[in-house]
Amino acid sequence: MNEEEKRKVIQRLEKEYSQRYKKDIHVGTEKAMPGVLFGYGLDLSRCIGCRRCVYACVEENNQSLDPQVHWITVLRFKKGDKWMDLENSEKYYNPQQVPEPGYFYMPVQCQQCENPPCVKACPTQATWKEPDGIVVVDYNWCIGCRYCMTACPYGARRFNWGEPKRPNDKINPDTHYLGNRPRYKGVVEKCTFCIQRTRKGRYPACVEVCPVGARKFGNLLDPESEIRYAIEHKRVFRLKEDLNTNPKFYYFFAYGR
Amino acid sequence: MKYYVENFLIALQQVAKGNKRYFIWLAFLSVLIATGIIAYIGQVEKGLITTGMRDQVSWGFYISNFTFLVGVAAAAVLLVVPAYVYHFKPIKEIVLFGELLAITAITMCIMFIMVDLGQPLRVWHILPVIGGMNFPSSLLAWDVIVLNSYLILNALVASYVVCKFFTGKEYKMSVIGPLVMISIPLRSASIL
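Protein chains in written order, with our numbering: chain E, 3 to 259; chain X, 4 to 195.
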């Protein structure tokens, strides 16, 4: 596709969305900035399991509200348990108040692997890794076979099982073609590090909302960035490193436990 | 050509002949098919949410049926090996039934994959040239190639043999032999 064709597609989509949601919706096509490779840090010693990130993400990224689609899952582990056993963690914890004594929390979202298994599994090349390291999905090319969901070792991908429903007044009009533009029934979606924000130099919504500052975000190629500081000075680890997916999502404990 | 078409029509009339039990069986199968079609219309309208699958279990009955039927289709390979490799006469006629079974099983395989798709109308995206087939890294791309070529091969072999049988001639091994031999690796690939 050349630039002219792309512009036409964007115009068509904007018109379609504006008619459907009765307000002006901008679909951006910002390209990856040169010399940028996004990385994410998450301080497990600070996370209190409040799920504010989950709902800030839903507000920002135009997910379906009925049926609910969340891109972030917060896992709860009992302190002292064999906790890397992700499959046996508690996803649906529902206490009166967080943090609960004796537990700790680990939010999991798309790990933006450098060697993403989902991209290999996609039969139509509807998902790929951008130059700035974000794995994206083209919602107009995805056929909904869900091979990528099966391939993903982190369970980070979500499927629109029903028609995505979101009231007109809850639509975020500032969207990106590869990110938070409204989705269709029967396509796969996932965390894009808020591509519509980060490509303009802003933080992802989950980083902004985190009340305890557990979430760090930055450019892995910039030696002065927050994320590089965390990698160099804290004991970081990545999920399921043995699978050679090479995630750009670093977990660490800022305070030794 | 006209000769074959006429004979095909005569053969087709055999479908409408049978006793009471045969028609009861046909009616039963039609009811099953109608139920499936009605259920699928509901699924197209509301999305795959009607299947009860969720993000945690994103593949269900459709994919398990698909893999099972691939196995059924591939099982014909066990008939071909003794018949054509070791020239074991008594089993040779059964090979044809194996081929026919393979055709039905492969057809069902493709249909199960189709109903499992969230956007069935975009299925052309998976084809090479007009779509964007992710070959060789994607498993489903392999399935598309293997299943379709296996279906075509089986249809060729079976229709050739049935045609010859109907006109009362002996089929030539030199015609179907190579095709059957090509289909063996395809079957093995489809199991994998």
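Treat the hints as calculated values from the structure; they're not laboratory data.
Some hints here could point you the wrong way.
Covered stretches of chain X (chain E as the covering partner; in silico rule of three or more C-beta atoms under 8 Å from a C-beta of chain E) [as the list claims (entries may be wrong)]:
#1 54-62
#2 118-127
#3 139-145
From the three backbone atoms N, C-alpha and C, an ideal C-beta is built for every residue, glycine too.
Which numbered hints turn out to be false for this structure? Nothing - there is no hint that the structure violates, so all of them hold.
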